[in-house]
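When the letters of the sequence shown are read in order and numbered with full-length UniProt numbering, they come out as residues 1 to 599.
These are calculated hints, taken from the structure and not from any lab test.
There's no promise every hint is true.
Below are the EDC-like pairs computed for lysine to aspartate or glutamate, each with C-alpha atoms no more than 20 Å apart in a straight line [unchecked claim]:
hint, residue 1, residue 2
1, LYS472, ASP517
2, LYS222, GLU143
3, LYS232, ASP202
4, LYS393, GLU502
5, LYS206, GLU173
6, LYS269, GLU9
7, LYS462, ASP443
8, LYS74, ASP157
9, LYS459, GLU491
10, LYS587, GLU111
11, LYS228, ASP202
12, LYS501, ASP584
13, LYS501, GLU596
14, LYS505, ASP433
15, LYS74, GLU476
16, LYS206, GLU143
17, LYS462, GLU435
18, LYS74, GLU173
19, LYS501, ASP517
20, LYS462, GLU476
21, LYS505, ASP443
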Amino acid sequence: ASIASMNMELLLQDDVFADFFNTFLNLPVFGQTPLYISGTGWWYLWPELPSHLDPSPAALLAWLEKHRLPHFCKSSLCLHLVLCQKLLGFIRSGEAAELLNWQSADQWLLERCISGSHGMQHFRAFVRGSAGEELIDFWLITERLLGLDESDGHQRDLFLSLVHRLRATHLREGSSVVTLCTTITGSLPKARHIQSISTRRDILSKMQEQALYAIQSYWLPKFFVHCKKGMKEEESCQPLLQEYQERLSGACRQEPPAFSEPLPMMHIKRSQGVSMPYCSQKAKAEIWALVKEGRESQELRMATFQVKPEKQPGPAGSTEELCLDKDALGSIPQKSEHPANTAFGGRGGVSFPGRPQSSAEQDLENLCKEKILSDLLPSASLARLPSLKKPVKTLDFLPWALCAESCAGRPFRDFLQRQNRPMETHLLDLWHDLEEFLPVVLDSNRENSFFLRHLMGEKICKTYLEEDNIEKLPLETGTLVSLWNHLICGEFSPWIFRAQKEICKVLCSLYEEFLADDDRTFLQFMAPGMDVPMPEVPGRAAGTEHFPLSQRMNQSLELSQALQGTRSLEGVSSKLWQLLAARDLQKGGSIQAEMELLL
1 ASIASMNMEL LLQDDVFADF FNTFLNLPVF GQTPLYISGT GWWYLWPELP
51 SHLDPSPAAL LAWLEKHRLP HFCKSSLCLH LVLCQKLLGF IRSGEAAELL
101 NWQSADQWLL ERCISGSHGM QHFRAFVRGS AGEELIDFWL ITERLLGLDE
151 SDGHQRDLFL SLVHRLRATH LREGSSVVTL CTTITGSLPK ARHIQSISTR
201 RDILSKMQEQ ALYAIQSYWL PKFFVHCKKG MKEEESCQPL LQEYQERLSG
251 ACRQEPPAFS EPLPMMHIKR SQGVSMPYCS QKAKAEIWAL VKEGRESQEL
301 RMATFQVKPE KQPGPAGSTE ELCLDKDALG SIPQKSEHPA NTAFGGRGGV
351 SFPGRPQSSA EQDLENLCKE KILSDLLPSA SLARLPSLKK PVKTLDFLPW
401 ALCAESCAGR PFRDFLQRQN RPMETHLLDL WHDLEEFLPV VLDSNRENSF
451 FLRHLMGEKI CKTYLEEDNI EKLPLETGTL VSLWNHLICG EFSPWIFRAQ
501 KEICKVLCSL YEEFLADDDR TFLQFMAPGM DVPMPEVPGR AAGTEHFPLS
551 QRMNQSLELS QALQGTRSLE GVSSKLWQLL AARDLQKGGS IQAEMELLL
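Given these sequences and hints, build the entire structure.
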């Protein structure tokens with residue numbers, strides 16, 4: 001709430017806010033996806049405005065404040081920003097210096113390690129699988145819950161959903177949160193039945209404070225020791241360590257804040273020779289073609305060696321078994337003629353011995369392969385990009401956009417509600433609930449995975465798939481029945497992918513309307529009177545000069561999903577140390593560091 005009420009120009013003076021906000025702005029659900037470089041004050045727009053226009057930074061800030069900031073404040077990235085700011089506040093405090101015997105150089109290095117969206121990803125990767133992970137999850141959920149007004153009918157469903165999630169996970173007997181907060185939770189079972197909102201909120205607020213103090217005073221120092229050890233082994237981090245040693249010895253003079261350089265004046269990068277009409281739908285199709293072709297290029301290169309993707313533990317065990325339900329699709333052969341087929345069934349598909357495949361089974365198989373490939377394959381290199389000629393339709397990149405929508409404060413959902421589209425809004429909610437269910441059911445290593453997947457499966461069934469609700473959904477009856485049969489037991493089913501594909505077909509034209517509406521509002525601020533055309537033909541892939549832009553959006557999505565929990569967090573790897581060395585919050589921060597490593 002405090003962030004939402006602040007002036008945009010004032011917010012952007014904080015480099016940490018600018019880093020998280022840049023990650024948010026580049027999520028590919030939106031039409032316009034700008035990037036801000038705080039060290040120079042330059043804004044880079046995409047799509048670019050026609051070159052004859054001279055856009056105003058003040059108009060851009062006004063547009064961001066009205067049409068982007070409210071959605072950011074509802075996103076998981078904003079929650080992580082608030083947590084990051086609280087951790088930084090502790091690091092800079094005299095209490096931390098006294099309690100942990102930190103010198104100013106220690107505080108400086110730890111700030112470098114944890115600042116920004118990548119810094120928080122690194123911290124979360126460090127505590128993964130520990131009590132620290134549970135404490136952070138509890139803090140984030142409680143922060144969102146305490147910011148809701150349960151007396152408001154529009155917020156009550158989300159409030160109750162978060163309460164049920166807390167009860168099924170972090171408030172269960174024996175959890176790290178309950179163990180830590182024993183003195184507060186002594187009366188917790190009674191508190192569940194207390195009608196007083198203030199009493200329940202007061203209990204949760206005190207528990208949240210205690211969890212935060214444990215994160216600050218125990219897990220932050222452990223993370224600091226981990227960082228110093230890891231940086232010593234990474235060559236690219238040596239300049240950072242050298243500066244740290246100089247600060248420790250007092251050789252590096254630190255200027256007081258009063259003498260810091262003034263903030264640069266904001267400018268918007270003018271486009272060079274762009275005369276085509278402004279249209280984000282067509283631009284997005286071009287960028288998606290690069291993302292998609294990059295993945296397919298990587299898949300083609302897999303044919304030259306044996307691929308062993310990271311195993312995700314789940315109900316059955318292997319990657320193949322996770323993505324193909326045996327009861328629905330039949331058995332999978334253990335050996336294949338082609339080495340790449342071992343992991344993904346190859347480009348020719350998986351054969352099912354003993355019986356022919358129906359078209360529905362083949363469709364499910366292809367959907368599963370596409371889903372697993374998109375989650376596991378790394379970005380293709382710029383040098384190996386194939387020729388890009390296939391036309392791209394909105395339906396091709398809609399799943400990509402919807403994945404980003406869940407990380408972006410649900411702007412498409414707000415648009416559907418404004419258009420008075422209750423059925424389509426209900427469908428979109430189902431798509432997102434299925435997407436959120438997938439990582440929980442496919443990763444049994446998650447804290448409270450068993451309880452959470454049963455809770456989420458039952459919630460989906462009761463909300464969307466009971467007899468009264470099924471009639472409202474324009475999906476195939478067989479799809480809905482198959483979903484019920486698996487989700488009511490908390491089980492994975494490939495029918496999830498079929499249902500999501502059917503939902504995308506219904507929502508496709510409305511998403512195009514959403515992009516056109518986003519274009520209109522942007523141009524009303526930046527170029528009043530300029531028309532917003534709809535593309536007459538499907539977009540084609542942009543040139544390879546736009547490959548970094550496609551990867552910037554994709555990296556923004558992957559980072560946001562990792563923090564939100566819809567993508568499994570990777571363990572601490574050499575890449576995280578390289579990102580730490582490359583990351584400069586005043587030069588593009590987390591997203592720019594990713595691009596420097598990639599290129």
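Now the hints, each set against the structure:
Between LYS472 and ASP517 the alpha-carbon distance is near 27 Å, which puts this suggested pair outside the 20 Å criterion. For the suggested pair LYS222 and GLU143, the alpha carbons sit about 24 Å apart, so the restraint of at most 20 Å is broken. For the hint pairing LYS232 with ASP202, the CA-to-CA distance comes to about 44 Å; that exceeds 20 Å, so the pair is violated. Distance hint between LYS393 and GLU502 is fulfilled; the C-alpha atoms sit about 16 Å from each other, no more than 20 Å.
For the hint linking LYS206 to GLU173, the alpha-carbon distance of about 18 Å falls within 20 Å, and the restraint holds. For the given pair, LYS269 sits about 18 Å from GLU9 by alpha-carbon distance, which is consistent with the 20 Å threshold. With a C-alpha separation of about 23 Å, the suggested pairing of LYS462 with ASP443 is violated against the 20 Å cut-off. At roughly 15 Å between alpha-carbon atoms, LYS74 and ASP157 fall within 20 Å of each other, so this suggested pair holds.
Only pairs whose Cα atoms come within 20 Å are accepted, and LYS459 paired with GLU491 is accepted, the gap being roughly 13 Å. For the suggested pair LYS587 and GLU111, the alpha carbons sit about 16 Å apart, so the restraint of at most 20 Å is met. Pair hint LYS228 plus ASP202 does not hold up; C-alpha atoms about 38 Å apart against a cutoff of 20 Å. As the CA atoms of LYS501 and ASP584 are separated by approximately 40 Å, the hinted pair breaks the 20 Å bound.
Pair hint LYS501 plus GLU596 does not hold up; C-alpha atoms about 35 Å apart against a cutoff of 20 Å. With a CA separation close to 17 Å, the supplied pair LYS505 and ASP433 stays within the 20 Å bound. Distance hint between LYS74 and GLU476 is unfulfilled; the C-alpha atoms sit about 33 Å from each other, more than 20 Å. At most 20 Å may separate the alpha-carbon atoms for a hinted pair to count; LYS206 and GLU143 meet this at roughly 12 Å.
Pair hint LYS462 plus GLU435 holds up; C-alpha atoms about 17 Å apart against a cutoff of 20 Å. Of the supplied pair hints, the one linking LYS74 and GLU173 is violated, its CA atoms being roughly 30 Å apart against a limit of 20 Å. Restraint check for LYS501 and ASP517: the C-alpha separation of about 24 Å exceeds 20 Å, so the hint is violated. Among the hinted pairs, LYS462 with GLU476 is consistent with the structure: their alpha-carbon atoms are about 18 Å apart, no more than 20 Å.
Restraint check: the Cα-Cα separation between LYS505 and ASP443 comes to about 29 Å, which exceeds 20 Å; the hinted pair is violated.
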